[in-house]
Amino acid sequence: MMNIATGNPAAAATAGTAALAQRYYRRFAPVERVMHSALMLTFVGCALSGLPLLYSDKPWAATLARLLGGFESAGIIHRICAFVMIVVFVSHVVLVFARAFAGKGVLSILWGPDSMVPQPQDAIDVWNNFKWFLGRGPQPQFDRWTYWEKFDYWAVFWGMFIIGGSGLLLWFPVFFSMFIPGWMFNIAALVHGEEALLAAGFIFTFHFFNGHVRPAKFPMDVVIFTGRISEHELKGERGVEYARLAREGRLAEKETTPPAEEARWFGWVVGGTALALGIVAIFLIVYSVFK
Amino acid sequence: MKPTIIMRAAGAVLCAALAFAVHAKPNAAAPAAAASPNDTCLMCHSAADAKGPDGRSIAVDGAKFATSVHGSVNLKCTDCHTDASADKIPHADKLKPVNCASCHDKAVKEYGATVHATSRKGGNTVAATCIDCHGKHDILRAKDPASRTSHANVEATCSRCHGDEATMVKGKLPNGNVAGKFHDSIHGKALQGAARGSAPTCTNCHGAHSILAKSNEGSRTHRAQVVATCGTCHEAEREAWTKGMHGKLQQAGMLAAPECADCHSAHSIQQHDKPTFQTAVIDQCGNCHSEYLSTYRDTFHGQVTALGYAQMATCASCHGAHEVLPASNPASKVSKQNRLATCQKCHAKAGPNFASFDPHASRHDKARDPFYYYAAKFMELLLLGVFSFFGVHTVFWLYREVREKFGSGRRDERQ
Numbered sequence: 006m007m008n009i010a011t012g013n014p015a016a017a018a019t020a021g022t023a024a025l026a027q028r029y030y031r032r033f034a035p036v037e038r039v040m041h042s043a044l045m046l047t048f049v050g051c052a053l054s055g056l057p058l059l060y061s062d063k064p065w066a067a068t069l070a071r072l073l074g075g076f077e078s079a080g081i082i083h084r085i086c087a088f089v090m091i092v093v094f095v096s097h098v099v100l101v102f103a104r105a106f107a108g109k110g111v112l113s114i115l116w117g118p119d120s121m122v123p124q125p126q127d128a129i130d131v132w133n134n135f136k137w138f139l140g141r142g143p144q145p146q147f148d149r150w151t152y153w154e155k156f157d158y159w160a161v162f163w164g165m166f167i168i169g170g171s172g173l174l175l176w177f178p179v180f181f182s183m184f185i186p187g188w189m190f191n192i193a194a195l196v197h198g199e200e201a202l203l204a205a206g207f208i209f210t211f212h213f214f215n216g217h218v219r220p221a222k223f224p225m226d227v228v229i230f231t232g233r234i235s236e237h238e239l240k241g242e243r244g245v246e247y248a249r250l251a252r253e254g255r256l257a258e259k260e261t262t263p264p265a266e267e268a269r270w271f272g273w274v275v276g277g278t279a280l281a282l283g284i285v286a287i288f289l290i291v292y293s294v295f296k
Numbered sequence: 037m038k039p040t041i042i043m044r045a046a047g048a049v050l051c052a053a054l055a056f057a058v059h060a061k062p063n064a065a066a067p068a069a070a071a072s073p074n075d076t077c078l079m080c081h082s083a084a085d086a087k088g089p090d091g092r093s094i095a096v097d098g099a100k101f102a103t104s105v106h107g108s109v110n111l112k113c114t115d116c117h118t119d120a121s122a123d124k125i126p127h128a129d130k131l132k133p134v135n136c137a138s139c140h141d142k143a144v145k146e147y148g149a150t151v152h153a154t155s156r157k158g159g160n161t162v163a164a165t166c167i168d169c170h171g172k173h174d175i176l177r178a179k180d181p182a183s184r185t186s187h188a189n190v191e192a193t194c195s196r197c198h199g200d201e202a203t204m205v206k207g208k209l210p211n212g213n214v215a216g217k218f219h220d221s222i223h224g225k226a227l228q229g230a231a232r233g234s235a236p237t238c239t240n241c242h243g244a245h246s247i248l249a250k251s252n253e254g255s256r257t258h259r260a261q262v263v264a265t266c267g268t269c270h271e272a273e274r275e276a277w278t279k280g281m282h283g284k285l286q287q288a289g290m291l292a293a294p295e296c297a298d299c300h301s302a303h304s305i306q307q308h309d310k311p312t313f314q315t316a317v318i319d320q321c322g323n324c325h326s327e328y329l330s331t332y333r334d335t336f337h338g339q340v341t342a343l344g345y346a347q348m349a350t351c352a353s354c355h356g357a358h359e360v361l362p363a364s365n366p367a368s369k370v371s372k373q374n375r376l377a378t379c380q381k382c383h384a385k386a387g388p389n390f391a392s393f394d395p396h397a398s399r400h401d402k403a404r405d406p407f408y409y410y411a412a413k414f415m416e417l418l419l420l421g422v423f424s425f426f427g428v429h430t431v432f433w434l435y436r437e438v439r440e441k442f443g444s445g446r447r448d449e450r451q
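Chains as they are written, first to last, in my numbering: chain A, 6 to 296; chain B, 37 to 451.
Hints were generated in silico from the structure; no laboratory data involved. On a predicted model such as this, the values are computed, not experimentally measured, just so you know. It cannot be assumed that every hint is accurate.
[Unchecked claim] Chain B regions said to be covered by chain A (calculated; three or more residues, Cβ under 8 Å):
# : region
1 : 253-261
2 : 340-352
3 : 380-387
4 : 398-412
5 : 423-434
Ideal Cβ positions, reconstructed from N, Cα and C, are used throughout, including at glycine.
Please put together the full structure from these sequences, using the hints given.
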């Protein structure tokens, strides 16, 4: 019961008696939490409304299309989700630049602990993490963004261009064909489906595992929904960041209130639902690929 | 009130006496009502439960016979049952089968060549003879709406065997329940509706006394004849097919070239503008054009129709149906000259670039679509790379965390 109340059983259990007196640090701003939720919901919406086409020859595809109200209505859901997702994406890019200009300058986007750009340390982290997996080294400590989080991030970036771009071509083919040759629509249709398979296959397995459900986080890491990371987790997994913040004297600036009850519940219920739908989608994909 | 055996015997005696009286007084004026020699036969055969020595029913409904086509021309029982005679009663226990050919020699001769007759000769004991379709003592002219062979009743008559499970099994009837399929088809439905007078029934396609197996070259349902048979009603479609590639191939001697039934089926024909037919017929095209079906299924058009929605382009939307011609033919709907106009049927404002989309691009055909081919290769490698790396990464990670959390020699974090 305490697990549910604290929102993170692993953290709560590990911290033991300290659980009730945890310090929390801010990891995600409210706008970032909203964006992740919007991205999550629209992604699941796009995936579920697009899957019937990708596997149109399987009996479940027609059933799913009917559940969504037929292919026209599935198409409308797909486009609404796609539109919102593009809005989220563009807002994010604007936000990144706005923050950079207001703060540490544009270069901070490209370099430093707050940058999402892969850096030499990430390659070292991959190596050390594999060593830890195989029992040949200690668990590496990370700074603010781990290499797999950066991969997730850039996968979305790449995916937005590939799926979003090809999706727009397919949405308005008559308009775009005024400028580009017909074969590009063939490519668009191909990469839209393949990249969608990659994205769904990645998010619904590796991202879920890495970010939310691996044994250390099981059954669900809700930091992205609450925006707050416990001191225990920050020290235990992101020791480099903790040490850096301590060194820079910014720990106090980052310290915040414990996660709000509503945010935790939102993470559990809505995040959990997205997780469940994603797992259903993965089951359907795997079933179709190997049948 | 049912007649008792005594009443029946009394009646028989009375009739016999009357008959005797008539015969005994040849010079007397013949009484009109009692003149039929059939009455003699009916003395024994009229009772509804009359049975022969072997227990089989020998009942004949005299009134029904009187109104039948044979009764209306005053045929005598002995005209058909030639080895029975009113002079020798009772007749032999077992009479010879009736020979319809003694009058209907032409029809019986035709019947001799039919699939029914040849099957029967081949030992199939359920194959239809004259009486199975026409009845026995109650035969009516086909023109009579009440006849078993009237336009309205043919379907029910054929269904007695071709829609009857036991007969289908016993006679090994081809194609199963064709009567049931036909009943639900567009033709079968039309027969139940306002067009019942003109809609085709079994005999319109198969003939009556000329029903031949479809493998027989003379059959109306032989591959080379089907178009002519359907074309008796569907003239425009026959014309279009004849000018189209499929018709040309058949005329060039390719018997496998599709005829009507290959796309529409024979007995399950559906209305052509129904989504169920429009989406199902795509697979019929694919029976021969499998490569094109597979590439079509990779497109949005093909995916939506595979889900059962016919609002998207099917094969026929672009290629036409009966008039289908290869793209190399300038008259084809998908020829270079006509392609854009074909796209514009749905995409009204489409321009030339739009029409250069390849609706049958193949990820395996480097020569046809080089960009598409390499894009597909790239995506395959990308998927393989990402899933392989993270697959291994995740399995190792899971192994480590399970060891950390539950493994021996570790601190128990759960307390």
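Unsatisfied constraints (hint numbers, rising) = The structure conflicts with hint 1 only, although it agrees with all the remaining ones.
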